[in-house]
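S.K.: Here's the letter readout for the chains.
2 protein chains.
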Amino acid sequence: MRENTTRPTVLPVAPTRGRLRPLGLDEVRITGGFWARRRHTNATATLGHCRDWMERVGWTGNFRAVAEGRIDRDRRGREFADSEMYKLLEAMAWEAGSGGSGGSGSTLDADAAALTEIVARAQQPDGYLNTAFGHPGQQPRYSDLEWGHELYCYGHLIQAGVAQARARGEGELAKIARRAADHVCATFGPGGIEGVCGHPEIETALVELARLTGEQRYLDQAALFVDRRGHHTLADIEFGRAYFQDDMPVRDATVLRGHAVRALYLAAGAVDVAVETGDDALLAAVVRQWEAAVARRTHLTGGMGSHHRDEAFGDDFVLPPDRAYSETCAGVASVMLSWRLLLATGEPRFADLAERTLFNVVATSPSDDGRAFFYANTLHRRTRGAVPATDTDSPRAESSLRAPWFAVSCCPTNVARTLAQLPAYVATVDDHGVQLHQYADAEIATSLADGHGVALRVRSDYPSGGTVAVRIVRSPDRPWTLSLRVPEWTAGATASLTEPDGTRRVVPPGTADVTRVFRPGDEVRLELPVTPRWVRADPRVDAVRGTVAVQRGPLVYCAESVDLPDGRDVDTVQVDPSVEPEDAGDKVVVAGEVAAHAEQSDEPWPYEPLDRPAVSTADRTQIVLVPYHSWANRGPSTMRVWLPTTRQRTTEP
Amino acid sequence: MRENTTRPTVLPVAPTRGRLRPLGLDEVRITGGFWARRRHTNATATLGHCRDWMERVGWTGNFRAVAEGRIDRDRRGREFADSEMYKLLEAMAWEAGSGGSGGSGSTLDADAAALTEIVARAQQPDGYLNTAFGHPGQQPRYSDLEWGHELYCYGHLIQAGVAQARARGEGELAKIARRAADHVCATFGPGGIEGVCGHPEIETALVELARLTGEQRYLDQAALFVDRRGHHTLADIEFGRAYFQDDMPVRDATVLRGHAVRALYLAAGAVDVAVETGDDALLAAVVRQWEAAVARRTHLTGGMGSHHRDEAFGDDFVLPPDRAYSETCAGVASVMLSWRLLLATGEPRFADLAERTLFNVVATSPSDDGRAFFYANTLHRRTRGAVPATDTDSPRAESSLRAPWFAVSCCPTNVARTLAQLPAYVATVDDHGVQLHQYADAEIATSLADGHGVALRVRSDYPSGGTVAVRIVRSPDRPWTLSLRVPEWTAGATASLTEPDGTRRVVPPGTADVTRVFRPGDEVRLELPVTPRWVRADPRVDAVRGTVAVQRGPLVYCAESVDLPDGRDVDTVQVDPSVEPEDAGDKVVVAGEVAAHAEQSDEPWPYEPLDRPAVSTADRTQIVLVPYHSWANRGPSTMRVWLPTTRQRTTEP
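First to last, the sequence lines map onto chains A and B.
Heads up: the first sequence runs through residues 0 to 652, numbered per numbering that gives the first Met the number 0.
Heads up: the second sequence runs through residues 0 to 652, numbered per numbering that gives the first Met the number 0.
Note that these hints are calculated values from the structure, not bench results.
One or more hints might be untrue.
[Claimed, not checked] Which stretches of chain B does chain A cover? Using the computed rule of at least three CB atoms under 8 angstroms from a CB of chain A, they are:
{"hint": "1", "region": "288 to 294"}
{"hint": "2", "region": "312 to 321"}
{"hint": "3", "region": "376 to 386"}
{"hint": "4", "region": "534 to 541"}
Just so it is clear, CB atoms sit at the ideal spot from N, CA and C, and this is done for glycine as well.
Given only the sequences and the hints, what does the whole structure look like? Please build it.
M.R.: What follows is the structure, encoded as structure tokens:
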């Protein structure tokens with residue numbers, strides 16, 4: 000690994016070492032296209048939406064109630080409600096620090112300052128800060144590490160403080176965060192409480208604070224928390240200790256398991272600790288867990304976590320589309336983990352998964368207007384459900400439509416902070432040059448390892464189109480390498496790269512390098528094959544046997560009932576994979592059959608002897624598919640990603 | 000409907016009207032075969048196991064603690080723990096009343112009397128009886144109708160009291176139950192608390208008490224509880240009001256929904272109310288709900304409830320084998336409902352489902368030794384899990400092995416009371432004669448509607464064999480009708496019936512009648528085709544597309560890893576449904592392939608373009624299947640009911 004020199008950039012994640020050096024939000028701007036639209040909506044709608052809902056449901060008021068000594072009577076929301084305030088403040092900081100995507104930086108700063116003031120007044124003299132514990136009439140501090148989420152809330156507070164310091168210079172929020180972190184070190188450090196939090200998050204936050212401040216003790220405390228986990232300091236709850244990864248030490252585990260968000264946050268924190276301490280064995284352990292989870296426990300969308308009951312990873316290959324949990328926050332956490340592994344190793348597979356997850360999980364959660372969210376992201380919706388009330392919070396989104404807020408409302412602010420920091424995922428630098436990982440209309444201006452300035456302008460309508468044109472705006476007068484990720488989904492198709500001199504070559508999945516003395520005006524063009532393609536699953540994914548899906552570039556597609564004739568539901572659809580899917584704008588058209596309603600009438604018992612002949616009178620037709628992330632924006636509907644094939648209609652099983 | 004005359008028989012369910020009249024445990028004895036063995040184990044092992052565990056985990060002690068005024072400090076177990084005591088007492092009563100299957104009736108009576116004395120001392124002067132509420136230091140009575148289970152516990156207390164009165168003559172337990180029922184009527188009757196219990200059960204119990212005592216007010220109270228439900232007297236919990244069927248009135252619902260046990264207990268109570276009040280519309284509503292649930296929400300085993308998170312029915316056709324919840328208690332409740340519908344309507348389809356559920360859910364739960372139980376009954380187990388400790392209770396059975404006791408331990412006592420009353424499900428009488436519904440070695444002695452005595456002796460090794468021989472032991476000297484159920488699973492195969500005069504005829508699924516003047520020694524023989532057969536599912540059961548299952552008679556079969564070569568797991572198996580399965584004793588042998596371990600190695604990503612060729616080097620072999628109910632009695636194993644077909648190995652999706 001190489002050392003990263005400290006630079007005053009707006010870095011969401013700033014490892015001091017690693018294969019790649021990240022760029023700050025002041026070095027990369029997303030200027031148009033898919034993600035620019037999402038970021039604009041995030042800045043102009045979602046941030047305010049979250050702020051208003053937190054005020055309305057009383058979670059902001061919890062901080063005031065602590066300051067005014069009446070929290071025992073007035074506290075609202077679940078035990079982790081404080082964290083939504085911190086995630087919103089983090090999102091506001093990154094948004095302000097990236098120059099704003101439509102929101103005004105000064106308005107954001109004013110909003111953040113007002114909220115910060117409310118938070119500040121709730122902090123205790125010794126640094127303790129939580130509205131659910133430790134005040135008169137409440138349970139004592141740290142009396143419920145399994146479920147209390149106190150350290151989890153600090154984690155998000157610290158991440159917000161770091162974001163504010165990096166984006167706007169160290170202010171009040173960063174000071175609150177440091178006081179809280181000092182309190183944590185004093186309370187849970189050597190000689191203190193021998194415990195960990197039921198919900199990991201503090202680990203990655205403390206490492207980031209150590210990176211910001213250079214203070215070793217924050218890193219030591221993070222390492223201590225990582226090492227302590229798996230030694231049964233937490234109680235054996237109904238879901239088992241694997242739920243919060245306390246069943247075995249992090250470095251002994253071979254696969255991600257238990258509650259998906261917890262597992263992924265912990266893994267991200269373990270990577271941070273491993274990178275900062277040079278603990279290659281720990282890093283290798285997390286890579287191994289990531290590999291096993293991706294190979295066996297991940298939906299086609301990148302979604303992780305198949306169990307509703309405990310929001311957990313299931314057994315290998317248990318990936319039923321109609322019970323996909325695929326929590327939005329697990330998608331966010333997966334991107335966090337993949338990004339850290341990419342920085343540490345430079346391997347494009349981590350950017351591949353991040354891309355898949357961003358387009359098909361993170362982008363799926365918010366509605367077009369940025370004011371409603373999917374908590375879970377099923378791959379098959381069988382009933383249309385009802386339109387959720389827009390003026391009330393939802394228990395959890397199991398409707399076919401997004402909801403404006405939840406009793407457990409972790410996803411809106413998590414999506415917000417992810418979109419706010421998204422430009423940082425676009426590119427990195429290393430000793431050889433610049434690497435592009437995610438494709439979008441973007442402007443990049445940074446310096447190479449030797450300090451020479453370099454600037455690029457990326458033009459692409461990705462993922463609608465597959466052309467990525469990288470124009471050199473500024474370059475030193477010496478050779479360097481521009482590296483472009485060739486996504487894994489191009490396997491079996493043909494991607495090509497054209498150098499500034501017109502040389503064109505086929506590039507396999509992985510990384511395509513162009514090394515030369517670049518001149519301003521030079522252009523490197525990557526052509527990615529974004530024609531739609533049929534995809535099948537490993538036969539061990541039992542739940543999708545006999546079905547196929549369509550992917551187009553990084554986008555997973557789905558059938559949605561609003562595109563079917565006569566108000567039919569998606570379960571009338573069967574597709575013919577012997578006919579290639581065809582582009583139709585951003586939609587895709589496939590050949591298949593739609594069964595008449597009459598054929599869907601019930602038999603009294605849904606099982607029958609195999610030798611009984613089956614009949615079909617379904618009509619051959621064309622079926623329109625839409626990007627999965629766009630579904631459920633046109634009213635209640637049914638939807639499915641994995642589509643049965645027409646061959647399944649026959650008497651053959 | 001016809002009126003049932005009151006007779007002093009040991010009847011678990013004693014409707015005053017209905018198409019069929021049930022027989023008591025003193026009129027039917029199961030003398031050998033599958034169910035006799037199960038009942039013997041139940042009487043000699045399970046009843047004592049439950050009694051000992053309840054003492055050990057302190058649930059019996061809760062009653063003592065109430066009597067001694069120390070319950071606030073000493074209460075153990077969940078809020079509904081009292082109900083296990085009552086279900087055990089009910090099981091003991093039916094077992095004692097059926098002459099004992101191996102346990103001594105007098106020992107059972109002594110055990111029951113001792114437990115009854117403990118319960119009696121905990122009852123309050125006004126009839127209130129619950130160890131979790133209403134005592135100093137506890138929450139007030141009826142302060143948590145959503146989750147408190149107070150009325151649910153009364154329901155089981157009343158059922159135990161009725162059982163004792165019917166089996167042994169009205170004694171102390173029946174008196175406790177009547178005092179509790181009077182308290183319920185006074186508290187929740189007109190002018191009282193306008194509420195229902197979060198967990199239905201009291202409804203069916205109060206109707207049975209009305210049948211026992213002839214007191215109208217118990218029936219009125221049951222009808223009131225049924226009618227009150229669905230009007231939002233319960234809070235809107237996280238799972239939604241459908242969880243406890245409070246989302247809409249019982250008579251408006253079109254399908255069973257929400258928590259499966261609650262839904263089925265409520266439906267059973269609604270049938271009881273409908274029968275006793277002549278409310279044909281209510282009965283029709285429940286039949287409609289049953290039909291929809293059976294057609295769309297029931298596993299091949301008869302198992303109901305696919306959701307782990309809230310133990311609930313899912314959407315139509317959401318029946319993933321590897322996330323089958325199929326709770327044991329839902330199986331018990333389904334049998335309760337089907338039995339009541341059979342008595343009310345006389346339609347054999349209800350006995351068909353009861354048979355399927357008894358053999359494949361209720362019989363699956365207990366281990367061979369009757370001292371460990373499945374809480375949930377999955378249809379696909381992918382990992383071998385660990386051997387659960389025999390000296391501790393299990394959170395819930397998600398292991399591959401049965402557990403001796405659970406934190407929520409509803410299934411052991413529910414299985415016990417079902418097996419104890421099982422002989423009552425065998426036969427009924429009506430104005431025309433005798434009906435046989437379930438087949439077992441049995442002796443039946445009862446009277447026809449006109450009062451004439453009739454006695455039958457049934458010989459069968461069902462379900463191993465398909466021959467059911469019914470010998471007339473006693474008969475009036477006038478014609479009457481012997482009706483034999485021809486199970487639905489014989490459809491497409493040939494069942495035949497031989498009359499005493501040697502006449503043989505093919506009989507279709509439904510009911511086969513023989514009407515004649517029977518003489519002692521006459522024999523009617525039913526030959527059922529119990530050769531194993533391939534079964535497929537409706538294509539809308541997405542999770543089992545491309546797979547087949549084997550059924551043999553009423554038994555569902557499964558592949559279990561302990562029968563595979565080289566310690567392979569069941570997910571290496573693919574079967575060839577073009578070859579008919581073959582009998583091998585109680586096992587079944589099918590043709591297929593078992594993949595080598597090497598073929599199971601991971602790709603880094605489990606999805607791939609459809610056009611990539613697939614290869615197979617699996618060896619053609621014979622695969623042994625065992626009855627599903629018998630699985631997991633040979634150590635940790637993997638198991639699956641639905642088996643992929645070899646056709647799925649090819650490049651075809």
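S.K.: Against each hint, give a clear statement of whether it holds in the structure.
M.R.: Tested hints:
no.: 1; hint: 288 to 294; in the structure: holds (count 4)
no.: 2; hint: 312 to 321; in the structure: holds (count 8)
no.: 3; hint: 376 to 386; in the structure: holds (count 3)
no.: 4; hint: 534 to 541; in the structure: holds (count 8)
The structure agrees with every numbered hint stated previously.
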